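Peer 1: Sequence:
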Amino acid sequence: MRFSPAQRRYSRRVLILAIVYAALLLPAVYLFARHLVTGPLAYLLGVLPALPVVGFFVAVGAYLVEEQDEYLRLIFARQSLIATGVAMTAATVWGFLEGFDLVPHAVAWAWPVTWFAGMGIGACVNRMVERTAA
Numbered sequence: 000m001r002f003s004p005a006q007r008r009y010s011r012r013v014l015i016l017a018i019v020y021a022a023l024l025l026p027a028v029y030l031f032a033r034h035l036v037t038g039p040l041a042y043l044l045g046v047l048p049a050l051p052v053v054g055f056f057v058a059v060g061a062y063l064v065e066e067q068d069e070y071l072r073l074i075f076a077r078q079s080l081i082a083t084g085v086a087m088t089a090a091t092v093w094g095f096l097e098g099f100d101l102v103p104h105a106v107a108w109a110w111p112v113t114w115f116a117g118m119g120i121g122a123c124v125n126r127m128v129e130r131t132a133a
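Be aware that the sequence shown starts at 0, since it is given in numbering that gives the first Met the number 0, and climbs by one per residue.
Calculated from the structure, these hints are not laboratory results.
This one's a predicted model, so the numbers in the text were calculated from it and none came from an experiment.
We put the CB at the ideal spot given by N, CA and C, even for glycine.
Among these hints, one or two may not hold up.
FRET-style restraints, in silico, Cβ to Cβ [said to hold, decoys possible]:
(1) Ile-15 <-> Pro-39: 41 to 51 Å
(2) Asp-100 <-> Arg-1: 51 to 61 Å
(3) Val-53 <-> His-104: 37 to 47 Å
(4) Val-64 <-> Arg-33: 40 to 50 Å
(5) Glu-69 <-> Ala-122: 11 to 21 Å
(6) Asp-68 <-> Pro-39: 45 to 55 Å
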């Protein structure tokens with residue numbers, strides 16, 4: 000299957016954001032692990048790796064706006080909704096369990112990671128739906 004122009008732009012954006020994410024995260028982890036930053040610089044350095052993650056969500060929205068093919072937009076919207084359901088369900092259940100001291104604390108950046116895993120689940124659901132429709 001050929002990629003639409005919107006899919007190619009989305010893929011390019013995500014690839015660039017992934018490279019920027021790694022380029023910002025690796026030095027931040029290194030510097031924080033060695034206690035080499037403090038004060039306002041530490042806050043700035045702590046926020047920088049989050050920015051490309053925010054960019055991933057912006058890229059998803061941009062793709063949904065730019066995609067001209069209604070079917071492609073539908074299956075990506077379904078994939079995103081599944082991911083949102085997975086992440087929000089996991090965060091809610093974990094939050095209650097954590098609140099009752101039944102599980103350890105989960106860092107907040109785990110929830111976007113859960114959302115991205117949900118995107119994979121959503122892609123599998125889309126494939127199963129396409130197979131049953133064929």
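Peer 1: For each hint, tell me whether it holds in the structure or not.
Peer 2: Hint check:
Taking 41 to 51 Å as the suggested C-beta distance range, the pair Ile-15 and Pro-39 does not conform, at roughly 28 Å. Checked against the hint of 51 to 61 Å, the pair Asp-100 and Arg-1 passes, with Cβ atoms roughly 53 Å apart. Taken as a hint, the range 37 to 47 Å is violated for the pair Val-53 and His-104, whose Cβ atoms sit roughly 23 Å apart. For Val-64 and Arg-33, the Cβ-Cβ distance of about 42 Å falls inside the hinted range of 40 to 50 Å, so the restraint holds.
Distance hint check for Glu-69 and Ala-122: the Cβ-Cβ separation is about 19 Å, which falls inside the suggested range of 11 to 21 Å. At about 46 Å, the beta-carbon gap between Asp-68 and Pro-39 stays in the expected band of 45 to 55 Å.
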